[in-house]
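Produce the complete structure using the sequences and hints provided.
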Amino acid sequence: MLNVCLFEPEIPQNTGNIARTCAATGAKLHLVHPLGFDISEKAVRHAGLDYWKDVEITEYDNVGSFLEKHGKDRLFFFSTKGQKVYTDVEYPRDQEIYLIFGKESRGIEEEILVRYKEDVVRIPMLNDIRSLNLSNSVAIAVYEALRQTGFPNFRLSGNLHRLTWEG
Numbered sequence: 473m474l475n476v477c478l479f480e481p482e483i484p485q486n487t488g489n490i491a492r493t494c495a496a497t498g499a500k501l502h503l504v505h506p507l508g509f510d511i512s513e514k515a516v517r518h519a520g521l522d523y524w525k526d527v528e529i530t531e532y533d534n535v536g537s538f539l540e541k542h543g544k545d546r547l548f549f550f551s552t553k554g555q556k557v558y559t560d561v562e563y564p565r566d567q568e569i570y571l572i573f574g575k576e577s578r579g580i581e582e583e584i585l586v587r588y589k590e591d592v593v594r595i596p597m598l599n600d601i602r603s604l605n606l607s608n609s610v611a612i613a614v615y616e617a618l619r620q621t622g623f624p625n626f627r628l629s630g631n632l633h634r635l636t637w638e639g
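Residues 473 to 639 in the working numbering are what the sequence shown lists, from first letter to last.
In short, the hints are calculated from the structure, not lab data. Note that the Cβ used here is the ideal one computed from N, Cα and C, for glycine as well. Please note that a few of the clues may not be correct.
Unchecked claim - No farther apart than 27 Å at their CA atoms in a straight line, the calculated lysine-lysine pairs in the DSS-like style are these:
id, residue 1, residue 2
1, Lys589, Lys541
2, Lys553, Lys541
3, Lys553, Lys589
4, Lys556, Lys525
Unchecked claim - Simulated restraints, written as ranges between beta carbons of each label pair:
id, residue 1, residue 2, range
5, Asp522, Val586, 39 to 45 Å
6, Asn608, Glu531, 22 to 28 Å
7, Asp566, Thr530, 18 to 24 Å
8, Asp522, Asp591, 21 to 27 Å
9, Met473, Ser537, 27 to 33 Å
10, Phe509, Thr621, 18 to 24 Å
11, Asn599, Glu528, 25 to 31 Å
Written out as structure tokens, the structure is:
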């Protein structure tokens, strides 16, 4: 099972795009508070996020509560400070994995990156670029994990070789 976790996301449009990626791939979305926006039913409806209901979302009070619950799970922290490239990591097929991303303005806290240094990965970029958009980074990571694990729960259908969800 694939999980996407956002530590303290700040920009609602990014989280909306990430939720759409999760809906399209069957990934679960984990949101760690504080959030920089409202995700009440009224706010989601007003924003026109018609796919929001198709995403399994779990919320956590803070980063500590997420790590307390999932600290022994297979975690991958995405950061520009990672030494490993995301395509060089082997995503396991037989256990849940968590792709974790920090807030748009600061990323993941340094102390967490140090604590989990063997599990910090990066998406390569040219040196003078600070970072990619969060929703783009999540999409890159999700589809690489799915590719490596053989697109579980998807099947090829039709002449166009379109993948469809079987879950």
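| field | In rising order, the numbers of the hints this structure does not comply with | value | 4, 8, 9, 10, 11
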